[in-house]
Amino acid sequence: MSITARAITKRFGAFTALDDINLDVESGDLIALLGPSGCGKTTLLRVIAGMEFPDEGAVLLDGEDMTHAHIQRREVGFVFQHYALFRHMTVFENVAFGLRSRPRRERPSEQAIRHKVHELLELVQLGWLADRFPAQLSGGQRQRIALARALAIEPRYLLLDEPFGALDASVRKELRRWLRHLHDELHVTSLFVTHDQEEAMEVASRIVVMNKGRIEQVGTPEEIYDHPATPFVSTFIGNVNVLKGHISNGRLLSGDWQLPLGEDTPSVAKGASITGYVRPHDIALLRPQATPEAAGLPRGRVHHIQPMGGTYQFEIAPLDPVELLDKSILEVELSRRDAAHLNLAVGETVAMQALTIHWYETAVSQADGDRQQEEVSAETPRRAVAT
Amino acid sequence: MKITTVNGSSPTAHARPTDARQAAWPRIVMTGVALGFLLVFLVLPLIAVMTQALAKGFGTYMSALSDPAALHAIYLTLIVTAVAVPLNLVFGVAAAWTVTKFDFRGKSLLVTLIDLPFAVSPVIAGLIYILLYGAHGWLGPWLDAHDINIVFALPGLVLATLFVTFPFVARELIPVMEAQGRAEEEAALSLGASGWQTFLRVTLPNVKWGLMYGVILCSARAMGEFGAVSVVSGHIRGETNTMPLHIEILYNEYQYAAAFAVASLLALLALVTLAAKAFVEWRASRSHALYDLEASPT
Chain A
1 MSITARAITK RFGAFTALDD INLDVESGDL IALLGPSGCG KTTLLRVIAG MEFPDEGAVL
61 LDGEDMTHAH IQRREVGFVF QHYALFRHMT VFENVAFGLR SRPRRERPSE QAIRHKVHEL
121 LELVQLGWLA DRFPAQLSGG QRQRIALARA LAIEPRYLLL DEPFGALDAS VRKELRRWLR
181 HLHDELHVTS LFVTHDQEEA MEVASRIVVM NKGRIEQVGT PEEIYDHPAT PFVSTFIGNV
241 NVLKGHISNG RLLSGDWQLP LGEDTPSVAK GASITGYVRP HDIALLRPQA TPEAAGLPRG
301 RVHHIQPMGG TYQFEIAPLD PVELLDKSIL EVELSRRDAA HLNLAVGETV AMQALTIHWY
361 ETAVSQADGD RQQEEVSAET PRRAVAT
Chain B
1 MKITTVNGSS PTAHARPTDA RQAAWPRIVM TGVALGFLLV FLVLPLIAVM TQALAKGFGT
61 YMSALSDPAA LHAIYLTLIV TAVAVPLNLV FGVAAAWTVT KFDFRGKSLL VTLIDLPFAV
121 SPVIAGLIYI LLYGAHGWLG PWLDAHDINI VFALPGLVLA TLFVTFPFVA RELIPVMEAQ
181 GRAEEEAALS LGASGWQTFL RVTLPNVKWG LMYGVILCSA RAMGEFGAVS VVSGHIRGET
241 NTMPLHIEIL YNEYQYAAAF AVASLLALLA LVTLAAKAFV EWRASRSHAL YDLEASPT
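From first to last, the protein sequence lines stand for chains A and B. Okay, so the first sequence: first residue is 1 according to UniProt numbering, each after it adds one. Okay, so the second sequence: first residue is 1 according to UniProt numbering, each after it adds one.
These are computed hints drawn from the structure, not numbers from a lab. Since we're looking at a predicted model, the values are computed, not measured. Glycine included, every Cβ here is placed at the ideal spot set by N, Cα and C. A few of these clues could be false.
Cross-link-like lysine-lysine pairs, in silico, DSBU-like; alpha carbons within 35 Å at most [unchecked claim]:
(1) A:K244 x A:K327
(2) B:K56 x B:K208
(3) B:K208 x A:K116
(4) B:K107 x B:K277
(5) B:K277 x A:K212
(6) B:K101 x B:K277
(7) A:K116 x A:K173
(8) B:K56 x B:K101
(9) B:K208 x B:K107
(10) B:K101 x A:K116
(11) A:K327 x A:K212
(12) B:K101 x A:K212
Far from chain A by the CB rule (all over 12 Å, computed), these chain B residues [to be verified]:
(13) P26
(14) A34
(15) V40
(16) T51
(17) L109
(18) I114
(19) G134
(20) P175
(21) L191
(22) T198
(23) L204
(24) E239
(25) L274
(26) E281
In isolation and in its complexed conformation, chain A is listed as follows (with noise of 0.2 Å):
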């Protein structure tokens, strides 16, 4: 029950929301479609579901060409980020309504219909709610029908649009959850659509990156993650702060920070400028005194010290030269043991440490230079100091 995408490209009149799309979806696999609004990945969905038909490439399923197929042919159960349910009818006849809308020939015995939807009730755990409509649910309890409904029909791909977009935090939190469990329990090829990138971490074996209509990377929550291929991903996937540097002598240099290549590196020219991705958690903080290596480190002041929990959030205004894009406050996230341990206060002074940069040549005249570029990770030996 695999999914193909093949080179496709869709328009809405002068604006192209896919842009030569080549994805596939392995049987059974939960796939996240992660970009920021307006980035094709809903557009995307639909053209799999055959709510939109797509202006140039093929969709494919199960290897089947179903490009032009109409919706009904393509055995997708589809779940809004609306929910859409049927708000004339009971949460009973919701989710009956597949079944009872098959040609006479297939249809099941009224009795097969009714223990059957009450078998899905019971898998969403909402059999008490068969004879109330739609308007008497909550919002959590409305897509768990609509859930309950897409699989009613047995569907061998389940396709979910931004399935808890309008759901609050806790709720959507459990959810999550839920939906992981239910699809390791039915093993449906299911895709769903979000523009949060921490539920397309919890939920997703694979995440589907997308901007501009284009898609900048496929690979697991922690590929994405820890080798983003792309600035966009870079910047698009947590928190990062932007440096400028350039290559010199095997070294990467951002004001007084100098990170040695990896040894795989691709050989650059020297001196080339380029543009430099750092986690916040991804450097150190250091008293200016603790160890001879200090010394030589850029140092900055303690702006605001933020706790978040699990772990604590410095803004530092650098004294010595980071060479920062944008921004003049650089961001650090150390663990709330770390942060115990450094016991910094606003105003004091510390050192810092990039551990990890990830940079990529900044283009000089490609139009559309930044998918060019080769991504290479910088990583220090000193990174087991910090860490």
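Got chain A sorted already, so can you dock chain B onto it with the hints?
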């Protein structure tokens, strides 16, 4: 959602009673103007119609209504309404469905065309049909040769009424369907329902109150239409006169009591439709309250 206005018992009103009184004045004036208008232009005329109708006693009233020409006018009005309203129902639903559930070129042109009968004078609407189907019209000779009567006959009356009343159902449905969006239809299709099943089981039940409302308005207008029908009718007494036309003839013949007797019956029909409309509005507002509840994220 309800907006509650600050009433006189709130603390601010107590502290500054002049403000409260100032705020009350516009309300009293506006309400007075509205009620005064209703009284002068609606209630008084209705009372006048009833008193005039019964001015020469109940016997005259009944005989005016049981006059063969009057009975035929009532019958004709009901027939025209019974044919025109279902046709406009089908047209209105089809038009609203097309406009709200599909995207196509020329959509705004179609919406504008639907409104055309509102903009065109009914007399012109009647004249169009004379021009097309009249004895000297474009299709007149052909119709004459095949012995088909349209103008000065029932088909003409129905056509004129159709033209004048056709925006009512569509105009009522389009905003309702637009507000509901396409998600429920898409859900139905994804669950394997055919287009026809989706329409019957999802779209239609969702708009039933808007539809009823449109049908009621359409019926009221169909029964009361004068201008367009007057042009195509030919005023043949006992044959092509509908109730409004019959009333005018009686009036012109100085048979005031009889004219007002028939008029009172027409007014009564209007009141019945008004009552039906009020009921539908009440039901619709209840189902809307449910809808609002559903639309709000919980």
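**Message:** Of the numbered hints stated earlier in the document, which are not met by this structure?
**Reply:** 2, 5, 8, 21, 22 and 23
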